[in-house]
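Residue numbers (the working numbering), protein chains in the order written: chain A, 2 to 236; chain B, 2 to 236; chain C, 2 to 236.
Treat the hints loosely; a few may be bogus.
Intra- or inter-copy, both count: the list cannot distinguish identical chains.
DSS-like, lysine-lysine: derived pairs with alpha carbons at most 30 Å apart [what the hints assert, rightly or not]: (1) K177 <-> K65; (2) K132 <-> K177; (3) K231 <-> K169.
By construction, these hints were calculated from the structure, which means they are not laboratory data.
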Amino acid sequence: IGQPEQRTTRLYSHEQPATGPSRGSPGGTLPSANRTFPVGVALGLAWSAMGGEPVYVESATRRKQSGQGSIVCTGSLGEVMRESVQIAHTVAKRYIRQYSSSKQDSASEEAANFFEDHEIHLHVPAGGTPKDGSSGGITLATALLSLATQCPVLSQVAMSGELTITGKVLPIRGVKEKVMAARSAVGVDQIILSRHNQGQVTELPSYITQGLTFHFVDTFEEVAALALYKQKTDR
Amino acid sequence: IGQPEQRTTRLYSHEQPATGPSRGSPGGTLPSANRTFPVGVALGLAWSAMGGEPVYVESATRRKQSGQGSIVCTGSLGEVMRESVQIAHTVAKRYIRQYSSSKQDSASEEAANFFEDHEIHLHVPAGGTPKDGSSGGITLATALLSLATQCPVLSQVAMSGELTITGKVLPIRGVKEKVMAARSAVGVDQIILSRHNQGQVTELPSYITQGLTFHFVDTFEEVAALALYKQKTDR
Amino acid sequence: IGQPEQRTTRLYSHEQPATGPSRGSPGGTLPSANRTFPVGVALGLAWSAMGGEPVYVESATRRKQSGQGSIVCTGSLGEVMRESVQIAHTVAKRYIRQYSSSKQDSASEEAANFFEDHEIHLHVPAGGTPKDGSSGGITLATALLSLATQCPVLSQVAMSGELTITGKVLPIRGVKEKVMAARSAVGVDQIILSRHNQGQVTELPSYITQGLTFHFVDTFEEVAALALYKQKTDR
């Protein structure tokens, strides 16, 4: 069975927004700033000898698993990337627990226990393309957080950064290739990177950075604030 | 997706202290002697053909697991280092059980059972950099003890030493490179090593050891007494 | 992170006795015949192309595991030595069950079920040094028996012998090197070997055997009788 080198670049780029203005508001197209991916999806940036490429991370719940939540991942992920998934799982779990503990309603409590109570399936298309590395960290955690909160990720945002267990965002390599990859993704005009990558971006020629807004962050809290569309979907 | 060779040297070096003086005390900056890492983090020292390097060990709880506590580790750790994590888990578990058994309150009992009742996630950034060896023993156990007690580790302290199951601290190799690595970590001025490494430190030229305080220890009890900031964080 | 080739020769050699005379007896130093290792520790003898070396076996309980006791081992042990650990676990389990069944009190019953009710961690320092072979059998079982009974092992005793599941002690190779290794361990003056090794010991020159007492045994029962200090520690 051959391993197709599928171009997943446009996988979600022409999506209609999954969320809209609150009910009762007049219809019509949303401004691009409010367009989102489906819940559980986030856009990362990969880099290889072939150049950069947008990479979508998808997640979904598989089943209830009260008190023993786990995560299954697919997409020909290597050892390092599988560990990144574990880290993203731990970070998203702590984030949502802290975020929810400030509220007292039962919906918040359900959200707080989301990762403990579900088996999650995380996939990175195309399934036959081998992937590895730690730079997907923040994308993986953002996708999981979207799934847990049911808040979709803004589709104008791409991101790349390693994540540590305490939620710090480490720099990535291949900044130039990844920024060019972000340009190639329809609708993307914002890029989240580690503050430690700021120097490399400053050195890029303006024809590459033109029209893009860069956000340099230290922690996953900042990533979540920038990437998540704050409105919960109605399902 | 490339595997960045990230410098994690300054990952926590500019941290503000995670704990402060007790409530009600006058504000202001803490003296550096009271600055700490976040709870669950400790600073070790690695050594390779490339020289020495500070290495942070991070830990976090993943979920409740009453009576069957376990530990998951990430960070491209080799076989020997994975075994060191098991040893650190065993040693920290016994330490906290003995430490807590002297008190009678319910908080102490909860702490005593911490490792039995939680799945723990231990990570050593950068995720894509392969790591191995047994010299991280005391750092791993200190990070775990910090997590269990919620007492943070002093950020002026770096350490390197193999740990045995009974809590003895064995010597490490690459003393010179590791001491130089400790120098390079901002704010570090104390180093904990096995007593069996005392001879090698004595032979180092003074321009390397200048300004550093060395603690040579026999047991993990001494490490814990030197490294942990005795005040529990408020969370 | 380098893998230090640590000399663990003196790991426990200068230990103060872990147990003492019964309470109320006059103080003072114990005769060396009553000095012991910490509970769960026994001294074996290794042999390689580099010569012989004392090797300590350490064990500790990890957690309660009612009715499904297991054993985890660390210390870069090879396949054959891992199997030796399984055999030692089986032999120690049967030994303590037989030994305890003669008494009727609840403490004896708890001891009888010790291996069924605990996950045990067995470690052989130094962690980074690969070890293999079947000659550690009686040392492994003695360390486990010490842990289960809380009776420490006499620190004047070193031992080497393969163990079968029925408790028979088979001969080992490298007798000369191992006897010399035992000499190098401070305080050791008794060596336990299989009766089938008696011939090789007789042929050793007297400058090697001088001052040492040899015990040649057929079964693990004899090993336990010779090595365990019969007084339970007070903890």
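(message) Hint by hint, where does the structure go against what was stated? Just the numbers, ascending.
(response) 1
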